[in-house]
Structure formats: structure tokens, C-alpha cells
Amino acid sequence: MKRDGATTRTAAAPTGPAIVVDGLTKRFGERTAFADVSFDVAYGEVFGFLGPNGAGKTTTVRTLGTLLAPTSGNATVAGLPLTEANGVEIRRRIAVMPESPGLYLRLSVAENLEFFAGLYELDDRRGRIERALRAVNLLDRAGDPCRALSKGLRQRVGLARALLSDPQILFLDEPTSGLDPLAARDVHGLIDGLRRQGVTIFLTTHRLAEAEALCDRVGIMNTTLRTIGRPDELREQLFAKTLQITTRTPLDDPDAVFAGLPGVEGWHARTADPGGPGGAGGAGGAGYVLTLSDAELAAPAAARAVVGAGADLLALSPSHHSLEDVYLQLIDEDVEARTR
Amino acid sequence: MNALQSPLSWTRIRALIRKEVNDYRRNRFIAVTMAVLPVVFMISPVITIFKLPADAPASRIDTVVGLSLLYLMLIPALVPAVVASYAVVGEREQGTLEPVLTTPVRPTEFLLGKALAALLPTLLISYLMYGVFLAAVGAFAHENVVHDIFQAPRILAQLLFTPLLAGWSIWVGIAISTRSSDVRVAQQLSSFASLPPLAVAALVGFDVIKPTLTVALGLGLALLVIDVLAWRVVSTLFHRERLLTGGVKA
Ligand SMILES: Nc1ncnc2c1ncn2[C@@H]1O[C@H](COP(=O)(O)OP(=O)(O)OP(=O)(O)O)[C@@H](O)[C@H]1O
Ligand SMILES: [Mg+2]
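Protein sequence lines correspond, in order, to chains A and B. Each residue of the first sequence is one higher than the one before, starting from 120 at the first, in this note's numbering. Each residue of the second sequence is one higher than the one before, starting from 33 at the first, in this note's numbering.
Just so you know, these hints were derived from the structure itself, not from any lab. A virtual CB, placed ideally from N, CA and C, is assigned to each residue, including glycine. Careful, some of the hints might be misleading.
Partner residues are not named here, just some residues of chain B that face chain A (Cβ under 10 Å, in silico) [what the hints assert, rightly or not]:
| hint | residue |
| --- | --- |
| 1 | T43 |
| 2 | R46 |
| 3 | A47 |
| 4 | R50 |
| 5 | L129 |
| 6 | V137 |
| 7 | Q183 |
| 8 | L188 |
Quick list of the computed label-pair ranges, beta carbon to beta carbon [unchecked claim]:
| hint | chain 1 | residue 1 | chain 2 | residue 2 | range |
| --- | --- | --- | --- | --- | --- |
| 9 | B | F82 | A | D259 | 17 to 27 Å |
| 10 | B | A254 | A | D259 | 19 to 29 Å |
| 11 | A | R146 | B | L227 | 53 to 63 Å |
| 12 | B | A184 | A | D259 | 57 to 67 Å |
| 13 | B | L276 | A | N193 | 49 to 59 Å |
| 14 | B | R46 | A | A188 | 21 to 31 Å |
| 15 | A | K270 | B | R60 | 54 to 64 Å |
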């Protein structure tokens, strides 16, 4: 049987979004795994799905992977509405690498892949298995029983299995959990390679640096979708831009120096925080934080003002917030909301 | 059910069978069960029959032969029960169910693959043991015993009941497996549940019902109906979500 749409490796990607999720909710009895989640993922995009333990990430992947039926809401996966009747065809177009790779430990690496190649009814199985194993650098272990593989190697077999059918969309549920930094870097390289081939990737992870480096966009999840956007957008949305200023001695009248500067909205003295970025700590240093409306204007003006006031300017640095700051800020808000 | 309307993929079913057989060849418990159990259930009736004296009364011969054949039928009842009860729990324990269910495989195909993977070796082993039994008895037992064993209805009943008993054990084993979270418990329950249909075989074996061709065929038909009903029930149990989460405590 010839299947269309299974050729994402070529430049001609299918049109329309790869995944559309609209008000999707999944409950297990009383417990809500995720509620009213809506987002789109475009073809060719690497979409990061972040959230604390129990946030509903795996359940979302399982629902989109047609393993669980949603309680309410709609979704489209690989161009097909997420319904029971479309299950087989959706599963043909996607591949899921679950949280634990789930290999038959008594079977060899190649036997595991052969079985799945059969389930996908693939042609040229030998060639595909060889390519998949080469992609994860495991060709020389093809004959080893999976029981004899380390966790990282098993993870890679799981990845090879997910690649077998050339899926349009690849769901990866924490592909680097439990891997050492080197093995994780290998997986990152692989994901990056797939992205360049135009494979759409839905990546669940706890590693924020990983999401920041690999993902075009991320969604932060905590039962509900808390925010979604490009990592740099999220940083800007959530954190006011600031300018950190450090002088050798405290300014006599900081308000006179900073108030009314172009692009500056307000200021406050920075409390001693030796570990903080550009820490003012140390003998005699003084720190100020300016909140900005326009960094381009503010930085030179502030520098001139400080110097003009006769102070020794030690450092002047724009704020840098990582995706981790965004994440922690959002999840902290949730924790506070819950304890209130 | 739309899964039943669309044609089943034999490619997928074949892949499942091959995987299953490869897997339990290397599963010590299952391999030993499949190798040792049948031999025990074949040798012990052979010994009993050899010990029959030449001048044993016909009624005694009938009883011993009936018991022996019943013993042989324990093979198609018990062997697939042990194998099939491993079918779903075993996968769930290894965490392999989730990746399998994310492929295009349909629950019906999954179910059939599992069932056939248990049925085919069972038939092979059961008929082989029955063949060895017949050969041994035919060569060395007393004339009158041989005559009793080689009656057409007895042979037909044995040949017919073997797949039907196996069928029941497989469906029950898979049903228990679907709902269970512990391999050992599932295997014990299934072994137990595989025995009731043997009562039918026992009726023939012990001459409660005279073993005629009609009786053998009639009882075979009854077992077939039970098997089909069991398959229907198991099919409805076989729901993706239930498979994935069923039995496992959240
Ligand atoms: N089969 C199930 N039955 C009942 N509750 C479930 C089931 N699966 C998940 N849950 C619940 O749904 C919620 C979301 O779980 P999920 O596994 O999706 O979280 P997650 O974001 O993947 O967490 P983690 O980062 O730990 O993997 C949790 O409260 C979990 O206990
Ligand atoms: Mg998870």
C-alpha cells in the first residue's frame, strides 16, 4: 500500500499547521491532568513543552498520540481531526517516543526495530533500520540484546525506533531525562539535525537550557497552558527590561541622577546580593536598578548622568533573564496562588 | 466497531507473532513451561497405561484410558494459559505497551497476534505429544488397550478439543492479563480458569457420555460457541485506554 504524506524529509512539507489544539481537556475521574489547553504547532517547528512534574505534559502527548481520548475539546494532528476513527491514520503519520523507551529487553536492538517496522508495514525494512541506527550511532550494537544496553543507549534505540517510519510529527517525551551531559548533547545534535530536515518535533522536557537552545517556541504548562511563545519573547513579556548600575561609592542623591532620564521609568537601590548578576557586593560598591521603557535611550543617558554626578562607574549592564527565570516565575505564581 | 470493519493487516499480525515467539523463547519461565509441562503430561499417562495388566477388565481400561487422554488435554489447556496471561501484563511491566499502541496497529490485530502466537506453538506441542503418546501406546501396550485408544471418536475428540480448549485458555488468559498488573497472579488465575472446559472432555473420557462421533462433534461445537463468545467479550475489553492504564494503580 502506498501512503501519501509520509515524506516530510523532502522540502515539500504538508501545508497548514501540524498540530492544532483547541480547548483540550483530559480528566481521570476527579483528577484533571490538563484543562482547556489551546495552541498550534507549525510544520517544521520544534515546539518545547515545559512544566513541573504532574503538569500534564505526558498526558498531553498521549492524548495527541491517540492513546487517550480527550474528555473535551478538539485537536487536529498531522492534518487529521483527533477522533477515534482517524486513530490509525494519525498514528501512521506520527511517531511517539514515550518517557521510558519501552524496549523488549530479551530481543536484540535489530529485532526490536524489525517488529516496529512490521507494525508500520514499512517497505525496505533492512535499509530503514540501518539508517535509523546510523542516525543514533548504534549500528555496531544492532545484534546486542536490549537488556545489555545502558540507559542512554536504550534511549537512543527508542529514538531510532521513532525515526523508522519517517514521521511527519515526532513526539519526544523527555528524550534526555537521565542522560549524562555528553549523551544529552548527542540527542540535542540529533534533534537539531531532524529540525534541519524539516521534521516537526514536539519536545517535552525539564531541561530549560535544552528548550531554549533547541525550540523555536515553547509552551509552559501547569495543568493549564500558562504561556506560549518564542523563548526571547517570553523573557521580554515577563520581565521588565532593566539596567543594573554599579558605582564605587553610593551616589549622594540618586533620585536627582536617575529621575527624568530618557527611557527610564523608575529606579531602586539594589540590595546586597553578592551572587547576583553584576553583583554590587564587596566593600563600598553601590548598586542601582533602573526599570526601562527604552534601553537604547536609557543606557547612554544613565552613563552620562552617573559620570556627570562625579561618581566612579564600575559597571553598567542590561538585565539578562533566562528561560529558567521565566519558568520559575510562572510556576512560583501558581504555587503562591495555590497556598493562598 | 470500526476496527472490525476495516481489513486486518496480516503484515502487522505476522510481525506480532514473530516478536512474541522470539520473546518467549528467551523467557525462561515460559520456555520451561512449554518444554517441561507437556512432556510430564504425556509421560505420566503412558506409564499408567503400560502398567495396566493384560487381563484388566474393560471398564478399568476405559477409566484409565479416559484419564490418560484427559491428562493429555491439560497440555492445550494449561500451556496457552500461561503464555497468554503474560501477553498484556508482560508488555505493561516492560513498558512496551505504550510504544506499540502508538503505531498504526489496531487492537483487534494486537489481540489476534497475541492469540495466534500462543495458539500455534500450543497446537504444535499438543499434537506432537499426542502423536508420541499414540506411537508409544500403539507399539507397546496390550492389544485391548490399543483398541480402546484408537477408537475413531476418541481420536476425533482429542484432535477437535485441543484447539478449542486452547482457544478458551487464550481468551481467558488475555482477559485476565488485560485487567491485571502482576504477571504471576495473572498466570495463576489463568491456569485455574483454563480448567472448567476440561469437564466437557471429562464427560467423554469417563464414558459419562458415550464417545460417539456425534457426541464428539456436538461437544466440539459447544466449545466453539464458548470460544467465540469469549473472543467477543475479550475484544470489548480491549480498549486502548484501558490497555494502557487498566489494572495499574495510578
Ligand atoms: N492513567 C492515569 N490515571 C489517573 N491519573 C493520571 C493518569 N495519568 C496521569 N495522571 C495524572 O495526571 C496528572 C498529569 O500527569 P502527567 O504524567 O501528564 O504529568 P507530566 O507533566 O508528564 O509529569 P512529569 O514531568 O512528572 O513527567 C498527574 O496528576 C497524574 O497523576
Ligand atoms: Mg511526563
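Regarding the hint that R46(B) lies at the interface with chain A, is the smallest CB-CB distance below 10 Å? 7 Å, holds
Should the hint that A47(B) touches chain A count as held when the rule is a Cβ pair under 10 Å? 2 Å, holds
Between A254(B) and D259(A), is the Cβ distance one that fits in 19 to 29 Å? Between A254(B) and D259(A), where Cβ atoms are some 57 Å apart, the hint is violated.
Interface hint status, T43(B) versus chain A (Cβ within 10 Å): 5 Å, holds
Using the Cβ atoms, figure out if A184(B) sits within 57 to 67 Å of D259(A). 60 Å, holds
Going by Cβ atoms only, is Q183(B) closer than 10 Å to chain A? 44 Å, violated
Supplied distance hint 53 to 63 Å, evaluated on CB atoms of R146(A) and L227(B): This hint is violated: roughly 41 Å between Cβ atoms.
Against chain A, run the beta carbon of V137(B) and see if the smallest gap drops under 10 Å. The hint holds - V137(B) has a Cβ within 10 Å of chain A, the shortest such distance being about 5 Å.
Hold the hint about L129(B) up to the distance rule: shortest CB distance to chain A must be less than 10 Å. Where the cut-off is 10 Å and the nearest Cβ of chain A is about 7 Å from L129(B), the hint holds.
Do L276(B) and N193(A) keep their Cβ atoms within the hinted range of 49 to 59 Å? 22 Å, violated
Would you say the C-beta atoms of R46(B) and A188(A) sit inside 21 to 31 Å of each other? 29 Å, holds
With 10 Å as the cut and Cβ atoms as the points, is L188(B) at the interface with chain A? For L188(B), the interface hint is violated, since the closest Cβ of chain A sits about 37 Å away, which is over 10 Å.
The structure shown violates the earlier hints numbered 7, 8, 9, 10, 11, 13 and 15.
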